[in-house]
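A.B. asks: Please put together the full structure from these sequences, using the hints given.
Number of protein chains: 2
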Amino acid sequence: MIPTQRVPEVLTRARELVAPALRGAIERLSPELRPLAAYHLGWVDAKGVPSGGDGGKGVRQALAVLSAEAVGAAGSVGTPGAVAVELVHNFSLIHDDVIDEDSERRHRPTVWALFGIGRAVIVGDALLALAQQVVLDPEALDGEGTPAKARDGGARAARCIADATAAMIAGQALDMAFESVPGVDVAGCLAMEAGKTGALLGCAASIGAVLAGAPDSTAQALDTYGVELGLAFQAVDDLLGIWGDPVATGKPAWSDLRQRKKTLPVAAALAAGGPGSEELAEMLAAAQLDEPQIARAAQLVEQCGGRSAAREEAGRRLDSALAALERSDLVPSAAVELADVARFVVERDY
Amino acid sequence: MIPTQRVPEVLTRARELVAPALRGAIERLSPELRPLAAYHLGWVDAKGVPSGGDGGKGVRQALAVLSAEAVGAAGSVGTPGAVAVELVHNFSLIHDDVIDEDSERRHRPTVWALFGIGRAVIVGDALLALAQQVVLDPEALDGEGTPAKARDGGARAARCIADATAAMIAGQALDMAFESVPGVDVAGCLAMEAGKTGALLGCAASIGAVLAGAPDSTAQALDTYGVELGLAFQAVDDLLGIWGDPVATGKPAWSDLRQRKKTLPVAAALAAGGPGSEELAEMLAAAQLDEPQIARAAQLVEQCGGRSAAREEAGRRLDSALAALERSDLVPSAAVELADVARFVVERDY
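These protein sequences, in sequence, are chains A and B. Numbering of the first sequence is given in our numbering, commencing with residue 1 and proceeding in unit increments. Numbering of the second sequence is given in our numbering, commencing with residue 1 and proceeding in unit increments.
Heads up, some of the hints might be wrong.
Since copy identity is lost for identical chains, a pair holds within one copy or between any two.
Calculated lysine to any residue pairs in the SDA-like style (CA-CA distance at most 25 Å, straight line) [claimed, not checked]:
1. Lys261 <-> Ile117
2. Lys47 <-> Ala281
3. Lys47 <-> Leu114
4. Lys251 <-> Arg119
5. Lys251 <-> Ser180
6. Lys47 <-> Ala335
7. Lys57 <-> His107
8. Lys251 <-> Ile117
9. Lys57 <-> Pro8
10. Lys57 <-> Ala287
11. Lys47 <-> Met176
12. Lys47 <-> Gly305
13. Lys261 <-> Pro31
14. Lys57 <-> Arg316
15. Lys57 <-> Gln303
No wet-lab data here; the hints were simulated from the structure.
C.D. replies: The following block contains the structure:
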């Protein structure tokens, strides 16, 4: 069996462990907010009727569970961390859709498109506050060691969540700033993506170990694995944002170019220099692009080497994530599963 | 000297203690977000030029400092808590202005009105994440006791912040829901205000004690003082929202009635029954109110006893806040100052 074929099992196992706790957390929201969160998570449709969806692959929650197992604890020790990272991730999706004015996600209207901007803002806020409550609630923390040790783990986990959230927000703010500048260099783009995507994956990959009371050095290595994995993932996402199959992504073709997002392939293509880069820069500076111009822009990004640069970046970051795992002293079976998840996330169809 | 005349000194002392830490916290924001936060806080104008404003009276930060002093610690022990509650308060103002589509606050354009909805959403998010970082950062916690004890205080403070934020958000969600229902009863209105205003004041009034390692029972009494003070404050705010002097409030006359907010005076007036209540209910259900109708609605709220009911509620809640102080074993000088602050907050011109 190819290693990544084992990953769906890992994701399912994590989901079965985390799902009841995530449902329990959402139950803590007020009756006004609960249906909006359930809709966003794919649990109910716009009318509140259960729809059987479960919202995404659940990579973040799986990393949190594996990260507890990687330091010798039960996967359930990572559960509050898994719930918290899923909540933060979904907070960011809901607010990013408002910010980017995206009206569709996973083939469904986004929360703001369906319920209005105000409600999307407030339910996102609620998920962020809830994430902190989940890791700081001493009763939710598994009883390994003394209550004081569990509280200490909770405080470290809360800091992990707060720091990752702050970095993610800074990345999003940088991304927004990129929209109003003509060009972005590759280093700036990677810094933005390390914040926007890497930070929370780093938190996910280390929070289980933190809750299990692992030393800082181990938590740090797992965090590095997650950040690098996030950069690999984002490079792939950037490729799919331009060349992804609209049926698979649920977004129109060349979606990111329509919004003139300065993603990695674009930044690399602009940096290449030459007439192709110049033509691309001019197009991205125009007030409006029609359909043939968008198609031409995608062609230019590819011709200027943007597509291959992003592919290489994804490969390099994956290698770097795997190297971070090998440097630390982890439970071998969990380390293998973390490596498999990394390959699975990156080796999508791009 | 009338007791509340001493309060400006207390507020100034707290401001001098907290201001550098608050500035330091805002410095931690990314360069894209810092100017937006500084603008909102009144530190700079729309062009980023320092404007010497300091944003509000700073009651919350003063409560946090006094709450540390009330349990025998230095006021500076409460500083990270003071910074955190000010950050959460300002997060909520920025997002509430988006939600309520308010384009002016304190005689200046609101953040969304000046910088757009997306930027207002993201800078609000950033302040919320920063609040958690501030209380969880072990280096920011004052060295009373062991590092483990300081971390424990940080975790308890973070939970205080997270719980208050969640309650505040639930209150705001309830307030939004009230906009689409014909009437709201007084109990529902008070539940909304306990969340929207009371929870964070309760947190402010107890977080200093929590950071100082006070027992739960003391923190709980201080929290009750703050929640009751919040309800008194909100009753006064509801009065000012209808009958406040536009020059003082920076809002148009009868502002809350224009937006058909179901505040306490309105809920009490609707509950009174009789032809006045019915006429008011009909007006509030109308699609649009013109200027004479808004004036008539304000008159009806008063005639139906809404104005006096809110005044009585403010008085009752102030008494209840003062009683909570007397029930607990606090340092007398700080307890007197807390009582003075409560009277000062409530005894505005209404």
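A.B. asks: With identical chains, the pair Lys47 and Ala335 could be close in the same copy or across copies; at 25 Å between alpha carbons, which is it: within, between, both, or neither?
C.D. replies: For Lys47 and Ala335, the Cα distance exceeds 25 Å both inside one copy (42 Å) and across copies (51 Å).
A.B. asks: At most 25 Å between alpha carbons: which applies to Lys47 and Leu114, within, between, both or neither?
C.D. replies: within (11 Å within a copy, 35 Å between copies)
A.B. asks: For Lys57 and Arg316, with the copy left unspecified, which applies at a CA distance of at most 25 Å: within, between, both, or neither?
C.D. replies: Within one copy only: 23 Å inside a chain, 53 Å across chains, cut-off 25 Å.
A.B. asks: At most 25 Å between alpha carbons: which applies to Lys47 and Ala281, within, between, both or neither?
C.D. replies: This pair counts as neither: shortest intra-copy Cα distance 45 Å, inter-copy 29 Å.
A.B. asks: When no copy is named, should Lys57 and Gln303 be tagged within, between, both, or neither for a Cα gap of at most 25 Å?
C.D. replies: neither (33 Å within a copy, 59 Å between copies)
A.B. asks: Within, between, both or neither: how does the pair Lys251, Ile117 come out at a Cα-Cα threshold of 25 Å?
C.D. replies: Both. Shortest intra-copy (21 Å) and inter-copy (23 Å) distances satisfy the 25 Å Cα cut-off.
A.B. asks: Can you give me the call for Lys47 and Gly305, within, between, both or neither, at a CA distance of at most 25 Å?
C.D. replies: The answer is neither: 46 Å in one copy and 40 Å across copies each exceed 25 Å.
A.B. asks: Given identical chains, is Lys57 near Ala287, meaning Cα to Cα at most 25 Å, within a copy, between copies, both, or neither?
C.D. replies: neither (37 Å within a copy, 44 Å between copies)
A.B. asks: Given identical chains, is Lys47 near Met176, meaning Cα to Cα at most 25 Å, within a copy, between copies, both, or neither?
C.D. replies: Between copies only: 19 Å across, 33 Å inside.
A.B. asks: Quick one: Lys57 to His107, C-alpha cut-off 25 Å, is that within a copy, between copies, both, or neither?
C.D. replies: within (15 Å within a copy, 47 Å between copies)
A.B. asks: When no copy is specified for Lys251 and Arg119, does a C-alpha distance of 25 Å or less occur within a copy, between copies, both, or neither?
C.D. replies: The answer is both: 23 Å in one copy and 24 Å across copies each meet 25 Å.
A.B. asks: For the identical chains here, do Lys261 and Ile117 meet the 25 Å Cα criterion within one copy, between copies, both, or neither?
C.D. replies: both (22 Å within a copy, 19 Å between copies)
Of the numbered hints stated above, those contradicted by the structure are hints 2, 6, 10, 12, 15, listed in ascending order.
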